[in-house]
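Protein chains: 2
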Amino acid sequence: MNLILLFDDDFTHEPGTARLTGRRLRHVREVHRAEVGDTLTVGRLNGSLGAGTVLSLTKDAMELAVALDAPPPPPLPLTLILALPRPKVLNRVIIAATSMGVKRLVLLNAVRVEKSFWQSPRLAEENLLAQRVLGLEQAKDTRLPEILLKKRFKPFVEDELPAMARGTEQLAAHPYDAVPCPVRAKGPVTLAVGPEGGFIPYEMEKLKEAGFQAVSMGERILRVESAIPALLSRLYPL
Amino acid sequence: MNLILLFDDDFTHEPGTARLTGRRLRHVREVHRAEVGDTLTVGRLNGSLGAGTVLSLTKDAMELAVALDAPPPPPLPLTLILALPRPKVLNRVIIAATSMGVKRLVLLNAVRVEKSFWQSPRLAEENLLAQRVLGLEQAKDTRLPEILLKKRFKPFVEDELPAMARGTEQLAAHPYDAVPCPVRAKGPVTLAVGPEGGFIPYEMEKLKEAGFQAVSMGERILRVESAIPALLSRLYPL
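Sequence lines, in order, name chains X and A. Position 179 of the first sequence, counted from 1, bears residue number 188 in the working numbering, the numbering being contiguous throughout. Position 142 of the second sequence, counted from 1, bears residue number 151 in the working numbering, the numbering being contiguous throughout.
A hint or two may mislead.
Any copy, or any two copies together, can satisfy a pair, since identical chains are not distinguished.
[To be verified] DSS-like, lysine-lysine: derived pairs with alpha carbons at most 30 Å apart:
1) K124 <-> K68
2) K124 <-> K195
3) K68 <-> K215
4) K124 <-> K112
5) K97 <-> K68
6) K195 <-> K68
7) K97 <-> K112
8) K97 <-> K195
9) K160 <-> K68
10) K112 <-> K68
11) K112 <-> K160
12) K68 <-> K163
13) K68 <-> K159
14) K124 <-> K97
15) K112 <-> K195
16) K217 <-> K68
17) K163 <-> K124
18) K112 <-> K163
By construction, these hints were calculated from the structure, which means they are not laboratory data.
All chains, full assembly: derive it from the sequences and hints.
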C-alpha cells in the first residue's frame, strides 16, 4: 500500500478530514506503524493525490487531515481485452494491469476458457473492486479502471469491439502468423491476449476481421501474469 | 507445460527412449489427453528440443521415442540480483525470471527483507529446482538457470558482485536519484531489484560504489512479480 485510497464515504462533516477503519487502519498501524502527527501518502478515488496527517489513531479508527494537490499519474492509453484467466490468476492480473495504468479491461470468453471460470466468486463486483483498489494503492494512482465482462465472444468481437477499438492500434498477442510486437506504440492501443493455449484459429480470424494484427513477443511462451507487464512495458516504455 | 522436460534419469537402456511417471505423466494424460502415437514437444535438461512420440501410455507410466534436433531459445544475457521476496511470491518470481530466459538469479539479503523469509521451506533446493523446471516448461527452454543464495549483503556486494558484474551494464531498479531505465540494453546487464519498500540509502550507496546506476521505470511502483517482466521486456525487446 504505497498510497491510501480514500473514498467519498471516508470524509467526515469536518472539511478535509477523513476517518478510516478496517483494512487500511490495520495496514497503517501494523506496516507503516504510523503515529499521531505522521504524514501518509493518500489519494481520493478518481481524484487527486496528496498528504494525510494523522490526527488521531486508535485500534478502532484513525482520523486524517487531508490535503490533496497533485494529479494522479497519467493513464496508459490502452484497452486490454483478456480471455478470462483461471480464478487463481485473476486477482493478480487485475492488480498488475491496474498498477501499470490500464483503465479499461474487458474479460472475454474464448473456447479455451473453461466454463467453470465464469462461476468463480472472484468475478463478484465486490472482489473486482477490491483488486483494482489494491492495484491503485500499489501504483499510487486514483483513477479506477473499468472492468467489462463479456461472456459471448462472437457478439462482442463483431458488434462491440470495432467501435471500442476505433482509432487505436489493434494488436493480438498470438505467436503464429505474427509480426514482432511493436516497441513503443505510436498512440492508443487495443491489445487482445488469449487464454492458456491461445485463441483458436476461428477466434483469430474473427479478431483479424475486426482489424487486429497478430503480434509476437518471441519464441518463449509466458504466463499471462508475466506476459501482460512484458507487453505493456514494451508498448509504453515510460 | 508447453514442453516436457526430460532428465538424464528418464532415459532407458533403449536408445532414444524415455519413461515418465508422476507429475509429467498426469499432465500428459489429463491436460494433453495424449494417446499412443501422438507427438509431444520435449527437451532434454541443458540439451536440445525435439519431439517425443508416445509408444505406450498407462496410468503408471508412459514411454516416449525421443528425437532431439533443435537448440533451445537463446538465454537472456542478464544476471538478476533480487532482494529475497516474501515466500508467497518467491515461486512466481522464479518461474517468471526463468521463463523469460534469465540464467543466473542471486537472491540477496537486504535490510527490508524480513529475516523469517530466509527460513522459508521454499528455499529448499528441491523447491528451487521444481520452480525453475516449471519456468523452463512454460517457455520451451532447457537450460537450467543457476540460483545463488546470498544471506549477507555487504560481503556479497563488496567482494563478489564486482567480479560477477564485470563487463556488464550495471543497473539498480530504484526510483530515486535515477535516470530512466534504458530501452534496449546495449549488451549484457546485471540488474539489481530491491525488496518491498526498496533498498535503504546505505544499500544504494554500496551498489553505486560497486558500479551500479539507479534507474527508474516511471512514477508507478510495481509489485516485484510485475516489475521483473516489465524491466526485462524493456531491456530486451526481442
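Of the numbered hints stated earlier in the document, which are not met by this structure?
2, 3, 6, 8, 9, 10, 12, 13 and 16
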